[in-house]
Amino acid sequence: MELTINIKEQKNIAAFLNMIKEFNYVEIVDVKEGDTEIPEKHKQLLDERLSSIKESKTSFKSWESVKQKYEGKAIL
Numbered sequence: 000m001e002l003t004i005n006i007k008e009q010k011n012i013a014a015f016l017n018m019i020k021e022f023n024y025v026e027i028v029d030v031k032e033g034d035t036e037i038p039e040k041h042k043q044l045l046d047e048r049l050s051s052i053k054e055s056k057t058s059f060k061s062w063e064s065v066k067q068k069y070e071g072k073a074i075l
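For the sequence shown, position 7 matches number 6 in numbering that gives the first Met the number 0, and the numbering has no gaps at all.
The hints are simulated quantities; they were obtained by calculation from the structure and are not laboratory data. Check the hints yourself; a few may be wrong.
Below, computed lysine-lysine pairings styled on DSSO-like, alpha-carbon distance capped at 30 Å [to be verified]:
id	residue 1	residue 2
1	Lys20	Lys66
2	Lys7	Lys31
3	Lys66	Lys42
4	Lys60	Lys20
5	Lys42	Lys20
6	Lys66	Lys7
7	Lys10	Lys40
8	Lys60	Lys10
Pairwise CB distance ranges, derived in the manner of DEER restraints [to be verified]:
id	residue 1	residue 2	range
9	Tyr24	Leu44	37 to 45 Å
10	Ser64	Phe15	26 to 34 Å
11	Asn23	Glu70	13 to 21 Å
A virtual CB, placed ideally from N, CA and C, is assigned to each residue, including glycine.
Input sequences plus hints: build the corresponding full structure.
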């Protein structure tokens with residue numbers, strides 16, 4: 000059986016996920032965040048970071064390598 004739950008306040012999501020992980024009969028299949036608009040300031044910051052990567056002024060780690068590092072650790 001699948002159940003969809005809407006967490007009304009963003010600040011409570013991590014606590015909720017950590018709580019339900021304690022139940023061995025519950026499996027977290029997918030976590031989707033709501034469709035919220037990204038503030039213009041954040042868009043500008045992301046554009047600047049992408050430009051730095053394209054110009055080889057900085058580097059980054061792949062999502063897969065970061066995910067492996069934190070896999071199995073509690074969500075804070």
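Going down the list of hints, with the structure as the test:
The suggested pairing of Lys20 with Lys66 holds, with an alpha-carbon distance near 18 Å, which does not exceed 30 Å. At most 30 Å may separate the alpha-carbon atoms for a hinted pair to count; Lys7 and Lys31 meet this at roughly 13 Å. A hinted pair counts as satisfied when its Cα atoms are at most 30 Å apart, and Lys66 with Lys42 qualifies at roughly 23 Å. Distance check on the hinted pair: Lys60 and Lys20 sit about 27 Å apart at the alpha-carbon level, within 30 Å; holds.
In summary, the hint linking Lys42 to Lys20 is not supported, as the alpha carbons are separated by about 33 Å, beyond the 30 Å threshold. The hinted pair formed by Lys66 and Lys7 meets the criterion: a straight-line CA distance of about 26 Å does not exceed 30 Å. Under the criterion of a C-alpha separation no larger than 30 Å, the hint pairing Lys10 with Lys40 is consistent with the structure, at around 21 Å. Note on Lys60 and Lys10: the hinted pairing holds, with a Cα-Cα distance of about 27 Å set against a maximum of 30 Å.
For the hinted restraint 37 to 45 Å between Tyr24 and Leu44, the CB-CB distance of approximately 42 Å keeps it satisfied. For Ser64 and Phe15, the Cβ-Cβ distance of about 27 Å falls inside the hinted range of 26 to 34 Å, so the restraint holds. Checked against the hint of 13 to 21 Å, the pair Asn23 and Glu70 passes, with Cβ atoms roughly 18 Å apart.
The structure is inconsistent with hint 5 alone, although it conforms to all the rest.
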